[in-house]
Amino acid sequence: MSAVKMSGSRVRVAEFLFWLLAVAVMWGFPQYAALWTEIAILALFALSLDLILGYGGIVSLGHAAFFGFGAYAAGLFAIHVSPDPLLGLVVATAGAALLGLLSSVIVLRGSDLTRLMVTLAVGLILFELANRFSGLTGGADGLPGIFIDPIFGRFEFDLAGVTGGWYALIVLFLLFVVARRLTRSPFGVGLEAIRDNRLRATAIGIPVNQRLAAVYTIGAAFAGAAGALLTQTTGFASLDVLSFERSADVLLALVLGGTGYLYGGLVGAVIFVLMHDLLSAWTPHYWLFWMGFALVVIVLVGRERLYGGVAGALARLSPRRGGRG
Amino acid sequence: MTTTAQTPPAAGGAPVLQTRHLVKRFGGIVATNDVSLAVMPGARHALIGPNGAGKTTLVNQLTGVLAPTSGQIELEGADITRLPAHQRARRGLMRTFQINQLFNTLTPLETVALVISQRDGLGGRWWRALDRDAARRDEAAELLRSLHLGDVMDHDTAVLPYGKRRLLEIAVALAGKPRVLLLDEPMAGVPAGQSREILDTLAALPADVTVLLIEHDMDLVFRFATRMSVLVNGAMFAEGDPDEIARDERVKNVYLGRGHG
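If you're matching them up, the sequences are chains A and B in order.
Just so we're aligned, residue 1 is where the first sequence starts under this note's numbering, counting upward by one.
Just so we're aligned, residue 326 is where the second sequence starts under this note's numbering, counting upward by one.
Don't read these hints as lab results, they were simulated from the structure.
Values in this document were obtained by computation on a predicted structure and should not be read as measured data.
Cβ atoms here follow ideal geometry from the backbone N, Cα and C, with glycine treated the same way.
Please note that the accuracy of each hint is not assured.
Per the computed footprint, the stretches of chain B lying under chain A, defined by three or more beta-carbons under 8 Å from a beta-carbon of chain A, are [said to hold, decoys possible]:
#: 1; stretch: 407 to 416
#: 2; stretch: 442 to 453
#: 3; stretch: 505 to 517
Looking from chain B toward chain A, a few residues come up when the C-beta cut is under 8 Å (computed) [claimed, not checked]:
#: 4; residue: T388
#: 5; residue: L439
#: 6; residue: D456
#: 7; residue: V497
Please take these sequences and the hints and turn them into a complete structure.
Structural data, given as structure tokens:
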């Protein structure tokens with residue numbers, strides 16, 4: 001996916017316009033705040049998956065484990081410790097990071113297929129734990145009525161969800177900036193190197209497993225933050241935050257947008273949520289059919305040709321492609 | 326002479342890289358059979374042998390890609406037999422591969438700047454952008470220019486012609502400022518028209534870098550090497566300086582005779 005790797009000032013303009021559009025939409029259509037919030041949260045979740053899949057090269061079918069952990073952690077923290085949203089966000093993120101670090105030890109063992117199974121297993125185990133310990137999590141009933149304090153004591157979470165929308169968008173933006181810096185640092189380029197050629201990465205002195213554990217942990221932290229945002233903006237956490245469908249959805253969204261250039265998760269989240277919204281309004285029972293259909297088309301036709309305008313233009317704008325003509 | 330594997334070469338000082346009774350078995354096959362090899366400081370040491378002699382298997386054990394069944398490997402006097410591959414690289418043991426092992430989605434400039442960051446212990450830095458690191462970027466560009474890669478250093482590695490990729494393979498290893506450089510058939514597959522740049526590069530390697538060259542191209546070996554080891558069926562068959570090896574009838578029979586007659 002380096003064809004759409006961002007570099008050059010004109011691409012920076014495109015990036016600026018992307019975020020300007022996000023702000024404009026939030027500003028101009030506050031009546032759809034809930035939808036924008038959903039998009040921002042899925043975008044952050046997909047971004048977190050892109051870090052581990054697009055950069056770490058680890059395919060995960062259980063990424064909801066971290067999302068759900070963050071969601072419950074934020075909910076429980078608000079109920080039992082403090083209703084402060086930022087404190088809750090930090091605690092949930094740190095908790096998910098710790099869980100990521102612990103599970104990276106087993107995820108990084110074995111071949112690609114083993115890893116896939118282990119990520120799936122970790123996700124299922126967490127789901128069943130949340131189901132079993134209903135005294136803590138509310139089980140199938142979920143954690144209702146979570147009250148979150150106003151942000152900085154000033155911006156109250158309103159019923160229309162406008163505050164929540166801005167909150168989610170700003171957190172997404174800040175973590176995106178972190179991810180963007182991360183992927184351009186020696187650490188991030190080293191991850192690309194590992195993904196491209198693990199044998200050579202080792203031969204130039206990169207501690208491959210240590211790096212993959214690090215990016216897996218960071219990905220888990222970001223996913224935890226996304227989960228916390230969901231709990232805090234909806235005031236509710238239920239078992240579906242840990243469900244397999246959520247892991248599958250985020251993978252779908254990321255694949256829709258493309259892996260390995262960070263914007264893929266964001267673009268994919270926009271497409272996924274809007275398609276879900278439009279399709280389920282049009283055909284409530286069969287929207288998943290059309291989603292699957294779209295995915296098949298993308299895979300067969302090729303993302304570059306389909307989104308040819310965007311990806312191709314970015315590729316042409318990038319100066320390093322000039323040599324290829 | 327030249328028949329026993331155990332005799333260390335006469336040159337002064339302790340070996341930089343040494344194996345003692347190295348054995349590697351794959352099931353019933355003995356790929357490395359009791360190999361004791363000593364590479365002296367600053368040597369241009371060639372490792373030759375017919376196809377299937379176990380040359381690459383030996384290199385893979387030296388660099389930590391494969392674990393030996395028994396025996397020891399020492400780098401500058403320290404036992405590195407069980408050391409992970411990336412830590413051997415950090416100690417200055419760098420290699421090239423017989424089949425190019427490059428980072429296809431990175432440019433040569435990014436690749437070499439990454440190797441330099443890694444060498445300088447900054448590979449784990451996660452905040453400052455690699456392409457903003459002027460010192461390492463400049464060093465990378467200079468190295469690439471000296472290796473005839475200046476004009477393609479901003480292209481994707483995937484689109485480089487084979488000869489350039491072969492040079493980049495060497496550049497990657499050199500960027501790590503190796504103490505010991507293992508070159509696994511650097512001329513493999515290089516068309517005649519593109520071989521000049523690689524030969525120049527090999528001739529210009531810094532004198533203080535110890536080089537172990539694995540090569541099929543006998544012209545190159547005899548031009549380049551000051552010391553030679555011949556591996557046959559996984560075992561050390563002969564050792565000596567190039568003249569001795571050239572005169573050795575047994576070596577001629579098993580190796581030089583074949584395909585060079």
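How about T388 of chain B: closest beta carbon in chain A under 8 Å, or not? Given a least distance of 7 Å, the restraint on T388 of chain B holds.
Closer than 8 Å Cβ to Cβ for three or more residues is the test here. Does the stretch 442 to 453 of chain B pass it with chain A? Check passed, 10 qualifying residues.
Report holds or violated for the interface hint on L439 of chain B, using the least CB-CB distance to chain A and a cut-off of 8 Å. This hint holds: L439 of chain B lies near chain A, its Cβ roughly 5 Å from the closest one there, short of 8 Å.
With a Cβ-Cβ cutoff of 8 Å, does the stretch 505 to 517 of chain B contain at least three residues near chain A? Contact hint for the stretch 505 to 517 of chain B vs chain A: violated, 0 residues under 8 Å.
Does D456 of chain B pass the interface check with chain A, least Cβ-Cβ distance below 8 Å? 7 Å, holds
Coverage assertion for the stretch 407 to 416 of chain B with respect to chain A, Cβ distance below 8 Å, three residues required: holds (count 6)
V497 of chain B as an interface hint toward chain A, with CB separation required under 8 Å: 6 Å, holds
Violated hints amount to a single one, hint 3; each of the other numbered hints is respected by the structure.
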